[in-house]
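Participant: Sequence:
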Amino acid sequence: MNQKILLPIILFGNFYFAQNQFELKDASTNYDVKINVETCENNECSGKSTVELLDKKTSKKIQTLTSDNLNFYLNEDQKPTANIIQLYNEQSPLIFDDFNFDGTEDIAIRNGNESGYGGPSYDVYVFNITKKQFVVSDELTALAHDNLGMFNTDSERKRLITYSKSGCCWHLTTEYTVVPQRGLFKVYELEEDATGGETVKVTKKEFIDDKWIKNIKTYPINEYYKD
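If you read the sequence shown in this note's numbering, its first letter stands for residue 115, the second for the next number, and so on.
These are calculated hints, taken from the structure and not from any lab test. Each residue gets a CB set at the ideal place from its N, CA and C atoms; glycine is no exception. Each hint should be verified, as a subset may be incorrect.
[Said to hold, decoys possible] Here are the computed lysine-lysine pairs in the BS3-like style, where the Cα-Cα straight-line distance is at most 27 Å: (1) K162 <-> K139; (2) K279 <-> K331; (3) K272 <-> K318; (4) K325 <-> K315; (5) K193 <-> K162; (6) K148 <-> K171; (7) K300 <-> K318; (8) K272 <-> K245; (9) K174 <-> K148; (10) K246 <-> K148; (11) K175 <-> K148; (12) K245 <-> K279; (13) K148 <-> K300; (14) K193 <-> K148; (15) K315 <-> K300; (16) K340 <-> K315; (17) K245 <-> K139; (18) K319 <-> K340; (19) K246 <-> K279; (20) K331 <-> K315; (21) K279 <-> K170; (22) K319 <-> K279; (23) K319 <-> K272; (24) K272 <-> K246.
[Said to hold, decoys possible] DEER-style ranges, computed between Cβ atoms: (25) E204 <-> C283: 18 to 28 Å; (26) K139 <-> E204: 17 to 27 Å; (27) L201 <-> T178: 24 to 34 Å; (28) K340 <-> D252: 22 to 32 Å.
Make the full structure from the sequences, and use the hints.
Facilitator: This is how it looks when you write it as structure tokens:
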């Protein structure tokens with residue numbers, strides 16, 4: 115009698131788990147990805163999740179990373195996207211890039227909605243060549259929690275770019291470089307302050323030749339935002 119009761123529950127559990135498992139082949143240069151997420155409903159998935167990274171050449175599992183809330187929407191193919199970072203719009207659950215510019219691929223995994231204005235937040239992992247494992251970067255994770263979602267990576271200039279705001283009329287763009295053995299170093303700020311209503315006060319600060327250069331200009335609001 116007990117066996118008959120347990121069997122359908124086990125089968126249902128396996129079916130439910132399979133429905134929330136996704137494979138991504140094109141998200142990364144080096145890895146295939148398997149995502150297992152706790153809950154999916156109406157094209158939105160969330161909850162405790164695992165992200166398995168498998169070597170593309172050997173299919174060997176390299177590492178399993180976790181998220182307490184891997185929140186994302188499914189695309190038209192009923193799969194999660196990867197590597198999309200759109201300010202005020204879609205930000206994928208997984209972002210692969212070289213965040214510290216050391217020549218190896220790193221990964222950011224969405225973990226909840228704890229960035230500015232309830233936006234997506236990420237745990238950021240960099241690849242440790244010595245350990246041959248991904249290790250969490252507290253500095254980069256803080257960037258992806260304290261601003262408006264995931265930061266952008268400018269690989270040509272080797273800059274990380276963050277965005278923040280206060281209400282409709284104050285915006286701040288900040289750029290960082292990564293100094294080996296020392297971490298992040300802020301090198302640029304652009305503050306746009308239109309809280310006065312008629313004008314925009316634009317303050318630009320750049321770190322050049324070991325010192326900060328500051329420039330302030332004021333523009334009519336209609337002229338500045340005409341595009």
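Participant: Determine for every hint whether it applies to the structure shown.
Facilitator: Consistency of the hints with the structure:
For the proposed pair K162 and K139, the alpha carbon gap of about 22 Å is at most 27 Å, so the pair holds. A hinted pair counts as satisfied when its Cα atoms are at most 27 Å apart, and K279 with K331 qualifies at roughly 19 Å. Under the criterion of a C-alpha separation no larger than 27 Å, the hint pairing K272 with K318 is consistent with the structure, at around 19 Å. For a cut-off of 27 Å, the pair hint linking K325 to K315 stands: about 22 Å separates their Cα positions.
Restraint check for K193 and K162: the C-alpha separation of about 17 Å stays at or below 27 Å, so the hint holds. Restraint check for K148 and K171: satisfied, since their Cα atoms lie roughly 15 Å apart, inside the 27 Å limit. For the hint pairing K300 with K318, the CA-to-CA distance comes to about 13 Å; that is within 27 Å, so the pair holds. The straight-line distance between the Cα atoms of K272 and K245 is roughly 24 Å, inside the 27 Å bound, and the hint therefore holds.
Note on K174 and K148: the hinted pairing holds, with a Cα-Cα distance of about 12 Å set against a maximum of 27 Å. Taking the CA atoms of K246 and K148, the gap is near 19 Å; set against the 27 Å cutoff, the hint holds. Only pairs whose Cα atoms come within 27 Å are accepted, and K175 paired with K148 is accepted, the gap being roughly 10 Å. Distance check on the hinted pair: K245 and K279 sit about 38 Å apart at the alpha-carbon level, beyond 27 Å; violated.
For the hint pairing K148 with K300, the CA-to-CA distance comes to about 35 Å; that exceeds 27 Å, so the pair is violated. Restraint check for K193 and K148: satisfied, since their Cα atoms lie roughly 11 Å apart, inside the 27 Å limit. The straight-line distance between the Cα atoms of K315 and K300 is roughly 21 Å, inside the 27 Å bound, and the hint therefore holds. For the hint pairing K340 with K315, the CA-to-CA distance comes to about 15 Å; that is within 27 Å, so the pair holds.
For the hint linking K245 to K139, the alpha-carbon distance of about 25 Å falls within 27 Å, and the restraint holds. Taking the CA atoms of K319 and K340, the gap is about 24 Å. The hint holds against a cut of 27 Å. Note on K246 and K279: the hinted pairing is violated, with a Cα-Cα distance of about 38 Å set against a maximum of 27 Å. The straight-line distance between the Cα atoms of K331 and K315 is roughly 6 Å, inside the 27 Å bound, and the hint therefore holds.
Between K279 and K170 the alpha-carbon distance is near 40 Å, which puts this suggested pair outside the 27 Å criterion. Taken as a hint, the K319 and K279 pair is honoured in the structure, with Cα atoms around 17 Å apart against an allowance of 27 Å. Of the pairs offered as hints, the one joining K319 and K272 holds, with about 18 Å between alpha carbons and a cut-off of 27 Å not exceeded. Between K272 and K246, the direct Cα distance comes to roughly 23 Å. Compliance with the 27 Å bound is thereby established for this hinted pair.
For E204 paired with C283, a C-beta distance near 25 Å keeps the hint of 18 to 28 Å intact. For K139 paired with E204, a C-beta distance near 20 Å keeps the hint of 17 to 27 Å intact. Taken as a hint, the range 24 to 34 Å holds for the pair L201 and T178, whose Cβ atoms sit roughly 30 Å apart. A C-beta distance of roughly 41 Å is found between K340 and D252, which places it outside the suggested range of 22 to 32 Å.
Of the hints listed earlier, those the structure fails to meet are numbers 12, 13, 19, 21, 28, in rising order.
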